[in-house]
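With the hints as constraints, model all of the structure from the sequences given.
Residue numbers (the numbering used here), protein chains in the order written: chain A, 1 to 481; chain B, 482 to 928.
FYI, nobody ran anything at the bench for these hints, they're computed from the structure. Among the hints, a few may not be true.
Unchecked claim - Residues on chain A that point at chain B, a partial pick, calculated with CB under 7 Å:
{"no.": "1", "residue": "G170"}
{"no.": "2", "residue": "Q211"}
{"no.": "3", "residue": "G213"}
{"no.": "4", "residue": "H224"}
{"no.": "5", "residue": "G226"}
{"no.": "6", "residue": "T260"}
{"no.": "7", "residue": "W287"}
{"no.": "8", "residue": "T289"}
{"no.": "9", "residue": "A291"}
{"no.": "10", "residue": "R295"}
{"no.": "11", "residue": "N333"}
{"no.": "12", "residue": "T403"}
{"no.": "13", "residue": "L424"}
{"no.": "14", "residue": "A425"}
{"no.": "15", "residue": "N426"}
{"no.": "16", "residue": "Q472"}
This structure is a prediction, so every number in the text was calculated from the model and none was measured. C-beta: ideal position from N, C-alpha, C; glycine also.
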Amino acid sequence: MLLFFLIFLSACATIKSDAETHSPSVDTTPMTSISQDTKTVVVTINYQSEAQTMEGFGAAGAWWAQDVGGWEDEKRRLVADLLFDPAKGIGLSFYRHNLGGGNGENIQDVWRRAETFEIAPGQYDWTRDANAMWMLRAARDRGVEHFVVFVNSPPARMTVSGLTTGEKDGKSNLSPEMYAEFSQYMVDIVRHLQDEEDIPVDWLSPINEPQWGWSYKNGQEGCHYGPDEALALTRVLLETLRKNQLDVQLSLFESGEWKTADVYIEKLASDPQVWDALPHLSIHSYWSTRADKERFMKYMQKNHPGKPLWMSEWTEMQEGRDASMESALIMANVIHDDLTIANVTSWQYWIAVSKYQYRDGLIYVNPLGQDVLQTKRLWVLGNYSRFIRPGFVRLETQGGDDTLLVSAYRSADDQHWVVVAVNLANEPVVLKLKALQGQLPESVQQFETSAQFDLSSVETGNESGTWNLAPQSVTTLVMDR
Amino acid sequence: MKLSKLFAVLVVLSMLLAACGQAAPTTVVEEPAATDAPAAEVPAATDAPVTEPVTLTLSFWGSDLDTQVYQQRVNMFMEKNPDIKVELLYIPSDYSQKVQTMIAGGTAPDVIQLSEDVHSYSSKGQVISLNDFVANDSLDLKTRYGETGGLTTAYSLDGNLYAMPDRGGALILYYNKDMFDAAGVSYPTKDWTWVEFLDATQKLTIRDGDTVTQYGFAAGGWWPWWMSFIYMNGGAVLDASGQPVVNSPEAVEAIQFYNDLVYKYQVAPSPEDYANLGTNSPDPLFAQGKVAMSTTGFWGIGGLKDATFNWDIAPLFKNKQNATVVFGSGLAISKDCKNPEAAWKLIEFLTSEEGQAPIVDFKQDAPANIANLSGDAFLNQSWSSKPINMSALGDSANAAFALPLSPKWNEMMSVFDTNLGEVFANRAEVQPTMDAIQEQLVELFAQ
Numbered sequence: 001m002l003l004f005f006l007i008f009l010s011a012c013a014t015i016k017s018d019a020e021t022h023s024p025s026v027d028t029t030p031m032t033s034i035s036q037d038t039k040t041v042v043v044t045i046n047y048q049s050e051a052q053t054m055e056g057f058g059a060a061g062a063w064w065a066q067d068v069g070g071w072e073d074e075k076r077r078l079v080a081d082l083l084f085d086p087a088k089g090i091g092l093s094f095y096r097h098n099l100g101g102g103n104g105e106n107i108q109d110v111w112r113r114a115e116t117f118e119i120a121p122g123q124y125d126w127t128r129d130a131n132a133m134w135m136l137r138a139a140r141d142r143g144v145e146h147f148v149v150f151v152n153s154p155p156a157r158m159t160v161s162g163l164t165t166g167e168k169d170g171k172s173n174l175s176p177e178m179y180a181e182f183s184q185y186m187v188d189i190v191r192h193l194q195d196e197e198d199i200p201v202d203w204l205s206p207i208n209e210p211q212w213g214w215s216y217k218n219g220q221e222g223c224h225y226g227p228d229e230a231l232a233l234t235r236v237l238l239e240t241l242r243k244n245q246l247d248v249q250l251s252l253f254e255s256g257e258w259k260t261a262d263v264y265i266e267k268l269a270s271d272p273q274v275w276d277a278l279p280h281l282s283i284h285s286y287w288s289t290r291a292d293k294e295r296f297m298k299y300m301q302k303n304h305p306g307k308p309l310w311m312s313e314w315t316e317m318q319e320g321r322d323a324s325m326e327s328a329l330i331m332a333n334v335i336h337d338d339l340t341i342a343n344v345t346s347w348q349y350w351i352a353v354s355k356y357q358y359r360d361g362l363i364y365v366n367p368l369g370q371d372v373l374q375t376k377r378l379w380v381l382g383n384y385s386r387f388i389r390p391g392f393v394r395l396e397t398q399g400g401d402d403t404l405l406v407s408a409y410r411s412a413d414d415q416h417w418v419v420v421a422v423n424l425a426n427e428p429v430v431l432k433l434k435a436l437q438g439q440l441p442e443s444v445q446q447f448e449t450s451a452q453f454d455l456s457s458v459e460t461g462n463e464s465g466t467w468n469l470a471p472q473s474v475t476t477l478v479m480d481r
Numbered sequence: 482m483k484l485s486k487l488f489a490v491l492v493v494l495s496m497l498l499a500a501c502g503q504a505a506p507t508t509v510v511e512e513p514a515a516t517d518a519p520a521a522e523v524p525a526a527t528d529a530p531v532t533e534p535v536t537l538t539l540s541f542w543g544s545d546l547d548t549q550v551y552q553q554r555v556n557m558f559m560e561k562n563p564d565i566k567v568e569l570l571y572i573p574s575d576y577s578q579k580v581q582t583m584i585a586g587g588t589a590p591d592v593i594q595l596s597e598d599v600h601s602y603s604s605k606g607q608v609i610s611l612n613d614f615v616a617n618d619s620l621d622l623k624t625r626y627g628e629t630g631g632l633t634t635a636y637s638l639d640g641n642l643y644a645m646p647d648r649g650g651a652l653i654l655y656y657n658k659d660m661f662d663a664a665g666v667s668y669p670t671k672d673w674t675w676v677e678f679l680d681a682t683q684k685l686t687i688r689d690g691d692t693v694t695q696y697g698f699a700a701g702g703w704w705p706w707w708m709s710f711i712y713m714n715g716g717a718v719l720d721a722s723g724q725p726v727v728n729s730p731e732a733v734e735a736i737q738f739y740n741d742l743v744y745k746y747q748v749a750p751s752p753e754d755y756a757n758l759g760t761n762s763p764d765p766l767f768a769q770g771k772v773a774m775s776t777t778g779f780w781g782i783g784g785l786k787d788a789t790f791n792w793d794i795a796p797l798f799k800n801k802q803n804a805t806v807v808f809g810s811g812l813a814i815s816k817d818c819k820n821p822e823a824a825w826k827l828i829e830f831l832t833s834e835e836g837q838a839p840i841v842d843f844k845q846d847a848p849a850n851i852a853n854l855s856g857d858a859f860l861n862q863s864w865s866s867k868p869i870n871m872s873a874l875g876d877s878a879n880a881a882f883a884l885p886l887s888p889k890w891n892e893m894m895s896v897f898d899t900n901l902g903e904v905f906a907n908r909a910e911v912q913p914t915m916d917a918i919q920e921q922l923v924e925l926f927a928q
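This is the structure in structure tokens:
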């Protein structure tokens, strides 16, 4: 809890030291002008109705950390601060470190290659992947609490094709005789990260989007596993973890979408020992609609109630850069749905940093000049990540409408409440909050991300219990008892 | 995340465009080239209002090919209408949700590509009636879309037309002729019944021990696949008065037969089989030569241009009657469009014979305009190394059933997907599931 207070104190300080973070410097600023015609939306927080307990918010280190981690110190620190520092940035509580398969010579884009530590079976060169390791340490040093090590492909020598991009016809590329060796390889590396690097790796994710036919022609690492193959690898890996007495849990199975996840879930659930060993199921929100998530949850409630879910990868699949609120609101819509429909306990963005002409990345960079451009997506994710800390409980809400998406959370000791309101409309709105069977804390701070502000502290000066929300904005209300 | 090939190009572009560290513009505006030509005379300053060029946005979904074809078509329009600029807005994923978000944010596209969920928009007043535009232009919809009016009936609600049909075509049967020849099975026709269809799928399925190496048929959970079986069997989703009738004996029998193809006869892949094969759709399996028959829209032809085997198309077979889904997409005007007249002008052109020509030229899809659909360019085009049976399209059009479109289409589909998903995964029985769907739809329609 001490950490929590520090985070909030520093969050307030953030705005005053914004010059350091290259975000606009704003103190408490009067904002949105409200007329009598402004719509008022009443949202009731049900104090007694607890949904999931949050584990945290994060992003992946794939495709950038192995470059940016080697930039000149001031530049790489800036990126790390923006992502991981709860005072200067958005204070992510999760980081997905990519364990590369190496031998990516056939991958044209060097950012998509990832080194492996392995130099021969059972032998490792721990000086490799130094840039990504710098970023991993930077995340830890800035207070990231949870680490996932995820694998897109086994090392090339363990694959059928000899390449980390996939098998010729998109079948499983892990050689059948390599299941044990691949498992030991991952265990060795996680142990090194935990023991020698002091990185608290909580979860190991050995499989990524297994349902897709990863062909070796792809320009990125990938490996297909059929449901039986995914189960077989999981069994071997669990046994290897047990023999090595490694303190890490498995994160499975990074489904590429919600629609077809059930096939793998049924297979994993068919083995009670495997199923009971899985702390959660990780799903990606690509190519998924709200209806897909609703259908999936009905399936889970009927067949596997109580298994926690993670949304462990998403970015908008759209060409062209956008650093504005337009794409940030699309992301906020997905976050809101994942938190309130799929009840995910962790929400993790895909590549935190992008050099591409695509709507990915929380930060755009130009590798040649080592330039950094913050996006509104960064700050909107911060509306959640900086304030909803691990251990917070989501509370059910009633109210809101198609254009005002509200979710609420409170700390385990009930001393701190956080409400996030996404106003999709191009008009201001007045949010009136009520608490059912409980009392709202009275001390309130308001942080807004909008065309004008980047997670900045604002004041609306309304009557108690109501707040003015700017058009097309995401606002976090932080309430302390 | 799995990304497309186009990404490789974007990498290079990004390095060039992002050099200043600012977000590069998504739209590149070309500056006029410096020339030696005399500058145009500068008009004298006047108080007369200046006519600003109109800019319209058009949103659509699809593939790189779709982008190419829409661009070609709007370029043709802009050449004829230099005062109207059209910007394409390609939304490759989560289309409806994103368009709804844009509408909510007051940034709706002016012209919106819509399909079966058109009345989810029209019933909320998010798109406008096109009746006055049609009337003012004295546009004869039968001339444009054929005697039945094509999808204009489906895209109308309470006498108002909300989208002009743009692309169309029926669900048709694709079959691998080499596999049929090898199995000694005669090619499919519209007169096949389910008995002949099942017999063919069994002869066309090849096993190596317990492993199927070639499937006779492949389908899945997409609504046109299973819904066409219901109508083939004399069933329906909604009756003539618009009330749900999905647990009729005909509908239940149809879904049972459809699912038996997977689990009883094992001639079609299950969801688990799809996962093992690394896909979630029959189209790539057909193109890879792993499936003897699959059903999809006319756009499936584009994916077969490099096929190394002989293939052809046929109308769907029947049971009690021939029935197939005729789907497509239409173009609607957003209620927030500032220049609805210009938007209509665009839509009118895109659905004209001239505006539809690139759909055929690029082998994108079946055009909605009857002149293009029945024209030589479409019927005689070289779709394959060998002639294919283009009459399948006409036969299919005759067997089209009226789509059960309603303002609650999305909610209806959600009920189907949630419940039938359990049947198709072999976790639920057909009869109680169809009963549950019926009950939920009755409740939905009563709201």
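Hint by hint, here is what the structure shows:
1. Interface restraint check: G170 of chain A against chain B, minimum CB-CB distance 4 Å, threshold 7 Å, status holds.
2. Evaluation of the Q211 of chain A hint against chain B yields a held restraint, the C-beta minimum of about 5 Å falling below 7 Å.
3. About 3 Å separates the beta-carbon of G213 of chain A from the nearest beta-carbon of chain B, less than 7 Å, and the hint is met.
4. At a threshold of 7 Å, the smallest CB-CB gap from H224 of chain A to chain B is about 5 Å, leaving the interface hint in force.
5. At its closest, the beta carbon of G226 of chain A sits 4 Å from a beta carbon of chain B; the interface hint therefore holds under the 7 Å criterion.
6. Taken as an interface hint, T260 of chain A checks out: its beta carbon lies about 5 Å from the nearest beta carbon of chain B, inside 7 Å.
7. Interface hint at W287 of chain A: satisfied, since its Cβ lies 5 Å from the closest Cβ of chain B, which is below the 7 Å cut-off.
8. Using the Cβ-Cβ criterion of 7 Å, the hint placing T289 of chain A at the interface with chain B is satisfied: the shortest such distance is roughly 6 Å.
9. For A291 of chain A, the interface hint holds, since its Cβ comes within 7 Å of a Cβ in chain B; the closest pair sits about 5 Å apart.
10. At a threshold of 7 Å, the smallest CB-CB gap from R295 of chain A to chain B is about 4 Å, leaving the interface hint in force.
11. At about 6 Å, the closest approach between the beta carbon of N333 of chain A and any beta carbon in chain B falls short of 7 Å, and the interface hint on this residue holds.
12. This hint holds: T403 of chain A has a C-beta 4 Å from the nearest C-beta of chain B, less than the 7 Å allowed.
13. The interface hint given for L424 of chain A is met, as the beta carbon of that residue sits about 4 Å from the closest beta carbon of chain B, less than 7 Å.
14. Of the supplied interface hints, the one on A425 of chain A holds, with its beta-carbon coming within about 6 Å of a beta-carbon of chain B, less than 7 Å.
15. Checking N426 of chain A against chain B by beta carbon gives a least distance of about 3 Å; that is within 7 Å, so the hint holds.
16. Satisfaction of the interface hint for Q472 of chain A is found here, the shortest Cβ-Cβ separation to chain B being roughly 6 Å, below the 7 Å cut-off.
Checked against the numbered hints given earlier, the structure satisfies every one of them.
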